[in-house]
Amino acid sequence: MSSAVYDKVKELLIDKFGVSEDEVSPEATFSDLDLDSLDLVEFALAAEEEMGVRISDEEAEQLDTLDDTVKLLEKKGATVEGAG
Amino acid sequence: MLLDDKRLVITGVLNDSSIAYSVARLAQQQGAQIVLTGFGRGMRITERIAQRLPEPVDVLELDVTDDSHLERVAGSVGDRWGGLDGVVHAIGFAPDSAIGGGFLQTPWADVATALHVSTYSLAALGRTFAPLLAAGGGGSIVGLDFDAAVAWPAYDWMGVAKAGLESCCRYLARDLGAQGTRVNLVAAGPLRTIAARSIAGFDSYQHVWEKRAPLGWDTGDPEPVARVVCALLSDWTPAITGEVVHADGGVHAMGADVR
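One line per chain: the protein sequences are A and B, in this order.
For the first sequence, numbering that gives the first Met the number 0 begins at 0 and goes up steadily by one.
For the second sequence, numbering that gives the first Met the number 0 begins at 0 and goes up steadily by one.
In case anyone wonders, no lab produced these hints; they're calculated from the structure.
Just to be clear, a hint being listed does not mean it is correct.
Chain A regions said to be covered by chain B (calculated; three or more residues, Cβ under 8 Å) [stated by the list, open to error]:
no., region
1, 35-42
2, 45-57
With the Cβ distance kept under 10 Å, some of the chain B side facing chain A (calculated, not the full set) [as the list claims (entries may be wrong)]:
no., residue
3, Arg6
4, Asp15
5, Arg51
6, Leu52
7, Arg191
8, His206
9, Lys210
10, Ser233
11, His251
12, Met253
13, Ala255
14, Val257
The beta carbon of each residue, even a glycine, is placed where N, CA and C say it ideally should be.
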């Protein structure tokens, strides 16, 4: 899987949540990456700031794999600066 | 405006669904200057959200169970303003064993944690900020409560902690009354905050409010509660102290369902 949104999610996880690059894959879940519910709240805020879409608390709570997360963000119209 | 020139310390802002976030936003819109406090791993989230308020504000680190944090925050507020007009206590925590079922199995150590963070912390904040509140002319301390007069599903030791908080409010009102400081709680109806999401029985409260609130109740809107907090922080409730004000759509006053 490769998209501007996926790359941005990956970058956020590595830069802000201390996830190592080789753990990141579309099938990885947030719990695989050792991110708990508080991390998900922070991730939702960071994603909103970086990609301009709002993830509700309810949606954040249900985030599972990175693939699902990217699909949700794309469905909401997430945009990544500098991407075509 | 309601809170012109008021200097407020607001605890308990995690994200923008927090009741305390609504209080902070309304307080700024009503003319107050504020600082937030954040805790532990939530601190980074609070710092992000503090930038989204109408006026971005500072976040001071405060673990209410740590006296050195309390002293540092009081020092910082004193340096900043020299006095203080209000404190919002929006702090509660219970370990997993103390909430969500298994009331009779909870070990004392976990109950002690719940009481320390959720109940004793009101007195700790009161003691810490009393000199600054006195310097400001008295001021107002407002805490957030969930009606502790009855037992609720799953709320367990958090309910006991809230009952203690209601009592603590009365004793703090007694001891700070001489310096003109008011101490009150707002008992809110259930709201879908991050804190509430961790309570297993939350849905059952929602059903009670659907059937029993004469005014109705929106679990997604903390503003009706935040408005009461702001009113109690203002100069318009000068004779109210030691009180629990119910901002719950009227549920506390009903003996049976109304719809």
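Hints and how they fare:
Only residues whose beta carbon comes within less than 8 Å of a beta carbon in chain B count, and the region 35-42 of chain A has 4; three or more means the coverage holds. Three residues within the 8 Å Cβ limit are the bar, and the region 45-57 of chain A against chain B gives 4, so the coverage statement holds. Of the supplied interface hints, the one on B:Arg6 is violated, with its beta-carbon coming no nearer than about 27 Å to a beta-carbon of chain A, more than 10 Å. Checking B:Asp15 against chain A by beta carbon gives a least distance of about 8 Å; that is within 10 Å, so the hint holds.
This hint holds: B:Arg51 has a C-beta 9 Å from the nearest C-beta of chain A, less than the 10 Å allowed. A cut of 10 Å between beta carbons decides the hint on B:Leu52: the least distance to chain A is about 14 Å, and the hint is violated. Because the beta carbon of B:Arg191 sits about 7 Å from the nearest beta carbon in chain A, less than 10 Å, this interface hint is met. For B:His206, the shortest C-beta to C-beta distance to chain A is roughly 18 Å, which exceeds 10 Å, and the interface hint is violated.
Given the 10 Å rule on beta carbons, the hint for B:Lys210 is violated: about 23 Å separates it from the nearest Cβ of chain A. Because the beta carbon of B:Ser233 sits about 30 Å from the nearest beta carbon in chain A, more than 10 Å, this interface hint is broken. About 26 Å separates the beta-carbon of B:His251 from the nearest beta-carbon of chain A, more than 10 Å, and the hint is not met. For the restraint placing B:Met253 at the interface with chain A, the shortest Cβ-Cβ distance is roughly 29 Å, beyond the 10 Å limit, so the hint is violated.
Contact between B:Ala255 and chain A, as hinted, is not supported at the beta carbon level, the nearest pair being about 31 Å apart and thus beyond 10 Å. Using the Cβ-Cβ criterion of 10 Å, the hint placing B:Val257 at the interface with chain A is not satisfied: the shortest such distance is roughly 28 Å.
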